[in-house]
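Residue numbers (the numbering used here), protein chains in the order written: chain S, 24 to 216; chain W, 314 to 547.
No lab work stands behind these hints: they were computed from the structure. There may be inaccurate statements among the hints.
Calculated pairs, DSBU-like style, for lysine-lysine (alpha carbon to alpha carbon, straight line, at most 30 Å) [claimed, not checked]:
| # | chain 1 | residue 1 | chain 2 | residue 2 |
| --- | --- | --- | --- | --- |
| 1 | W | K325 | S | K99 |
| 2 | W | K340 | S | K99 |
| 3 | W | K325 | W | K347 |
Rough simulated footprint, nothing fancy, chain S against chain W, three-plus residues with beta-carbon under 8 Å [claimed, not checked]:
| # | segment |
| --- | --- |
| 4 | 319 to 325 |
| 5 | 334 to 341 |
We treat Cβ as the ideally placed atom computed from N, Cα and C, and that holds for glycine.
Chain residues, written in single-letter form:
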Amino acid sequence: MLRAVPLAVAPVIQPRVRAAIDGDERARRELLTEILPRVRNLVRYLVRSDDETDDITQDALVAVLVDLDTYRGEGKFESWVDRIVARLAISRIRRRRDQSKRDTQFTSDLMLASPSHASDEFLYRRQLVRMLDGLPIDQRHVLVLHYVLDMTVPEAAAELGVPLETVRSRLRLAKSRLRASEVNQDDQRETDE
Amino acid sequence: MTSTPGLRGSLKLDAHHGPASRLSRTKAAELIEKAMERADSPTVPLPRPKRRFVPDAALLVPALAAVPLALIAGAAAYFVSSHNGWLPHANAAQTPAPAAAVYAATPLAPPALSEKAAELEAKGEWLAAVQAYEETARRAPNGEADYTGKIAAGLLRLRRLGDARGALPLLSAAISMRPSDPRSEEARWGRIEALRTLDDRAAEKAALQDFVTLYATGPLAALARERLEPSSAP
Chain S
24 MLRAVPLAVA PVIQPRVRAA IDGDERARRE LLTEILPRVR NLVRYLVRSD
74 DETDDITQDA LVAVLVDLDT YRGEGKFESW VDRIVARLAI SRIRRRRDQS
124 KRDTQFTSDL MLASPSHASD EFLYRRQLVR MLDGLPIDQR HVLVLHYVLD
174 MTVPEAAAEL GVPLETVRSR LRLAKSRLRA SEVNQDDQRE TDE
Chain W
314 MTSTPGLRGS LKLDAHHGPA SRLSRTKAAE LIEKAMERAD SPTVPLPRPK
364 RRFVPDAALL VPALAAVPLA LIAGAAAYFV SSHNGWLPHA NAAQTPAPAA
414 AVYAATPLAP PALSEKAAEL EAKGEWLAAV QAYEETARRA PNGEADYTGK
464 IAAGLLRLRR LGDARGALPL LSAAISMRPS DPRSEEARWG RIEALRTLDD
514 RAAEKAALQD FVTLYATGPL AALARERLEP SSAP
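Here chain W stands alone, though its shape is the one from the complex:
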């Protein structure tokens, strides 16, 4: 892929195609506004590096300190999600963000909650963002916010908290709600990833076959076909 003689040709820099991950328009606009504000007010201090998500479980069990953070986060998220249903325990993470109980007591309507969730996500407060998205979904059953909230919460659980087991029902529910919505492509792919993580090979294979059929020309179809090859088992 990257034979070093061709490094100059491989390491390309432009405004497209990465390697940075995607950025929503809202977040891009926020970034720009904050930069302009700071450039105009040089006394505003530069942001400190983000604090990372550290679940209480890791603090309570010193032996876990040697385990990679992703595993700890995943294990903690799985623990809380399997013991408390959708919502992790309010004290499951050392985040300053409000827990679900706080959302339940606020009069925020779903759109405002969605915005709050997006803000938390932008700050990297994954668990709090998940809680907010799930609460958004709960307050608008079968509506747009329910659908998008489930997808967002599911993908965050899967990719940021390492909680494939918690992600799976969220993504499955979203797909069932709107099977032909274009956004279900991402939900279906997330579900495939969750099944792969859980080593449910039969279900993963079935999901991959559905995916290839539904999105034969989509950008992830080639990867899906590759994974259907016998040699691509994890």
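Just chain S, with the same shape it has in the complex:
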């Protein structure tokens, strides 16, 4: 007997996500619990201080819940969340920057890591994000969209509402600064030795 062959794979929404979309309170809570660490990590990549991370994370979680019924299952749920979080975080940072030009004070809490979190990878990422903290915020955002969220240059340009060439230029500048910062660190290490 002949079977109908689907022409394309229909989008599939995982049951836990579907339940959350349908308003199941427990499913929504579980979903937020699941995505929270990743959301915080992405927000921290985008902001310059730990102090701001949780405020923006909370706003991002609200945005995810509010937009949940627009998720169609086209692509990974995580990627969909990443986009919402990045968009909201960048918008919040811009708004705060416009409200006040104050510099955020970077408070080192590297050692706040509890032993269970203080794996080498954790320490490594903390070092990395400290280097990002030295970048101008616009360059940082382009870098994170491109290298963390794997956006192409045109996608990042569309996301940020800036010309392609601006994105390319910010990427170049960001990479140069990171290289310089790395060289400085190496120099410092050699001086110390």
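Fit chain W to the supplied structure of chain S, relying on the hints for placement.
Chain W alone, transformed into the frame defined by chain S:
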């Protein structure tokens, strides 16, 4: 560490390993509950950015305005802690949080005080949180709340108020209370950081050697060994 050609491999995003700092389960649950509440009540305004801790000392001395905030906070915290014992002066910071005198007048038992302290910490009201943790410790001498309160207050003094001198006796006392408790690892590491900040190199070295012996396979052991190298002096 981060040669730019390898940026894509270095800047990883997942649910583990940072770069966000740690988050307690309680705080994570609070974050989620608040988000759900706000999503269900869209009229609730978004939170304003946190106000930062600014000690009165900085306001009284205009020349200090040019000094980085961390130095001001550290200097102010040191000033108050060295003049008033454990407790900073009630008016040492422009925070709306209650001062120690208020806690002394409330009937809150230590567990409730611990919760209050954790709430204040979550709000970023570091000085008020320190006061609450210290009061928690004072009200339950030699108990669990004393031990955890001292560690929490010590680490906050050290890392948030820049008050290494005030942190040191708190952390030392906690370690003495329960030297083999796993949580003393963090207290010992905080003590090492405090000694380093105070440039007490001999004591820091001794503390590092103890640390390496006690937690040879712990996550901070490698860093401790590195610091014991002669070239790692601050």
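Hint check, failures only: Those not satisfied: there are none.
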